[in-house]
Amino acid sequence: MSLTHFVHRARLFLCGGIFAVAAGEYGPARQVLAQAPAEARKPSPSAAELTELATAIRPSAKANKWQQIPWLMDVNEGRRVAKEEKRLLFLWTVFGEPLDEC
Amino acid sequence: MAISLQKLRTDPATKDWFRSIGRQKDQYQGIWIVSPEDKVMGGGDFGYADSPKLLDSLDTALKASGPVQPRKAERRELYPFRGVGVRPDGNVDLALYRCFLHLGKADGPQMRDTLPLNKEEWAALRPPKLVAGAEWVIAEDVARKMVRPFCLNTLGGDMPGPEDAKVARLAAIVEEVEDGRARIRLTGTFEAVKLFKEKHLSFRSTATAAGIAEYDLKEMTLSSFLLVFQGSYQQGAQPETQKGRQFGAVAEWQRKRTPSP
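Chains as they are written, first to last, in our numbering: chain G, 4 to 105; chain D, 24 to 284.
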C-alpha cells in the first residue's frame, strides 16, 4: 500500500469513526428531542379551550341534581324524622364520603 | 340520609342500628330502604348504570309501606366552601372532578372530591410580583397535593396524597395586568404512584396540567383558579407496565358563588 493510499484510507477511517462517534453522541439527543413531552411542543390551550375541557370533565347540572336533595348526615336525626313523619328512610352509605368523594 | 360507611360502622350512636340493618340485608355498601320500625324494605349495592333497579326497589318498598305525601324540603349547601370562597380561618377547599376521557369527552362517570388547602398553601398560588411576565414555581409541597384526583376511586381506602407524588412541578406566570386584574397562566407536570398489597389495586398516573387564574389587584386576592389535568392512568401489578387509559381532572375555585342553573 502506498503512503498516499494509506493516508487516504486513514482519513476515510477517521472520518467514518468521527461520524460514528458523532452519531452515537448526538443520535440519542435527537431521539430525546423527538420524544420531548407533548406539552413542550404544544402551545398552551386558550382560556376557552380549558373551559371547554373542564366542562367535559365536570358532571353536568343535570347529573348534579342529587346535590339539591337536603341530605341528612345524622342517622339518629333521620330515624327521628322517619318516625315523626311515618316515612321510609333512604340510607345511602359508601366507603368514603357519599356526598363529596367519588 | 347520606353517611360515610366508616362513620356509620364505628360511631357508638349508630353502629348497633346499622348492624341490625345489615343483618336484614347483607351488603357492604349502597342503599337500604328502612321503615320507621327499622325493617329493611329494599335497597341494593347499585352501580353507575343501575338507576332503573334503584327506582324499582323504591317503588316496591313504597307499595309495601303505603302512600306517602312528598316531603317539603328546601335545598341547602351541604359543603358551602367547596370550590367557593375563603373559610374564616383563611383555608380554602378546591373542588375536584375527574373522569376517564375518550376523544376529549367523558368516558364513564364524572366524580367529585375536595382538596383542602391551608392558608399558607393557598398563598403559594398568589403571584409574588404583579407585573406582566413575573414567573414563579409553586412550592413543591403544595404541588404534591394536586395529585389527589389522579385516581378514579378510593382504591385501598385513600385517594393519592402528597406522599404518592413522584413528580409535581407547577409553574405560573403573570400573563397580563389589566383593568385591576392580573391574569395568570399555570403549567405543570405530575406523576403519582400508589402501590398496594393487593397488587391489582396499584396504580400510576401521569399528567400535564394547564390552567388560568385571576388575581384582583384591588382586593389583593385571587378571584378564580382553574387547573385542568390530562394524562394516563395505569392500574394493576407493576402499573407502569399496564395499558394506560386517558383521564382528565379539574381543580377549581372561585371567590364568589355563581348562581346555580
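Think of the hints as simulated: they come from the structure by calculation, not from any bench.
Be a bit skeptical, because a hint or two may be false.
Dumping the calculated DSS-like pairs for lysine-lysine here, alpha-carbon to alpha-carbon at most 27 angstroms [said to hold, decoys possible]:
id	chain 1	residue 1	chain 2	residue 2
1	D	Lys-142	D	Lys-241
2	D	Lys-279	D	Lys-266
3	D	Lys-95	G	Lys-89
4	D	Lys-168	D	Lys-62
5	D	Lys-86	G	Lys-68
6	G	Lys-89	D	Lys-142
7	G	Lys-68	D	Lys-76
8	D	Lys-48	D	Lys-38
9	D	Lys-128	D	Lys-142
10	D	Lys-279	G	Lys-86
11	D	Lys-62	D	Lys-76
12	G	Lys-86	D	Lys-86
13	D	Lys-128	G	Lys-68
14	D	Lys-279	G	Lys-68
15	G	Lys-86	D	Lys-189
16	G	Lys-89	G	Lys-68
17	D	Lys-189	D	Lys-30
18	G	Lys-86	D	Lys-241
19	D	Lys-86	D	Lys-128
20	D	Lys-128	D	Lys-95
21	D	Lys-142	G	Lys-65
If you're wondering where the values come from, they're calculated on a predicted model, not measured in any experiment.
Quick rundown of the hints versus the structure:
1. D:Lys-142 / D:Lys-241: 20 angstroms, holds
2. D:Lys-279 / D:Lys-266: 41 angstroms, violated
3. D:Lys-95 / G:Lys-89: Judged against 27 angstroms, a Cα distance of about 14 angstroms means the pair holds.
4. D:Lys-168 / D:Lys-62: Violated - the C-alpha atoms of Lys-62 of chain D and Lys-168 of chain D are around 44 angstroms apart, more than 27 angstroms.
5. D:Lys-86 / G:Lys-68: The hint holds at about 25 angstroms.
6. G:Lys-89 / D:Lys-142: 46 angstroms, violated
7. G:Lys-68 / D:Lys-76: OK: Lys-68 of chain G and Lys-76 of chain D at ~19 angstroms, within 27 angstroms.
8. D:Lys-48 / D:Lys-38: With a Cα-Cα distance of about 15 angstroms, the restraint between Lys-48 of chain D and Lys-38 of chain D holds, given a limit of 27 angstroms.
9. D:Lys-128 / D:Lys-142: 34 angstroms, violated
10. D:Lys-279 / G:Lys-86: With a Cα-Cα distance of about 39 angstroms, the restraint between Lys-279 of chain D and Lys-86 of chain G is violated, given a limit of 27 angstroms.
11. D:Lys-62 / D:Lys-76: With a Cα-Cα distance of about 20 angstroms, the restraint between Lys-62 of chain D and Lys-76 of chain D holds, given a limit of 27 angstroms.
12. G:Lys-86 / D:Lys-86: 18 angstroms, holds
13. D:Lys-128 / G:Lys-68: Given that 27 angstroms is the threshold and the Cα spacing comes to 21 angstroms, the pair holds.
14. D:Lys-279 / G:Lys-68: Judged against 27 angstroms, a Cα distance of about 21 angstroms means the pair holds.
15. G:Lys-86 / D:Lys-189: Given pair Lys-86 of chain G, Lys-189 of chain D is violated - Cα atoms ~52 angstroms apart, limit 27 angstroms.
16. G:Lys-89 / G:Lys-68: Status holds; Cα separation ~25 angstroms.
17. D:Lys-189 / D:Lys-30: Distance ~31 angstroms between Lys-189 of chain D and Lys-30 of chain D Cα, so the pair is violated.
18. G:Lys-86 / D:Lys-241: Answer violated: Lys-86 of chain G to Lys-241 of chain D is near 53 angstroms, above 27 angstroms.
19. D:Lys-86 / D:Lys-128: Judged against 27 angstroms, a Cα distance of about 40 angstroms means the pair is violated.
20. D:Lys-128 / D:Lys-95: At roughly 37 angstroms apart (the allowed maximum being 27 angstroms), Lys-95 of chain D and Lys-128 of chain D break the hint.
21. D:Lys-142 / G:Lys-65: 33 angstroms, violated
Of the hints listed earlier, those the structure fails to meet are numbers 2, 4, 6, 9, 10, 15, 17, 18, 19, 20 and 21, in rising order.
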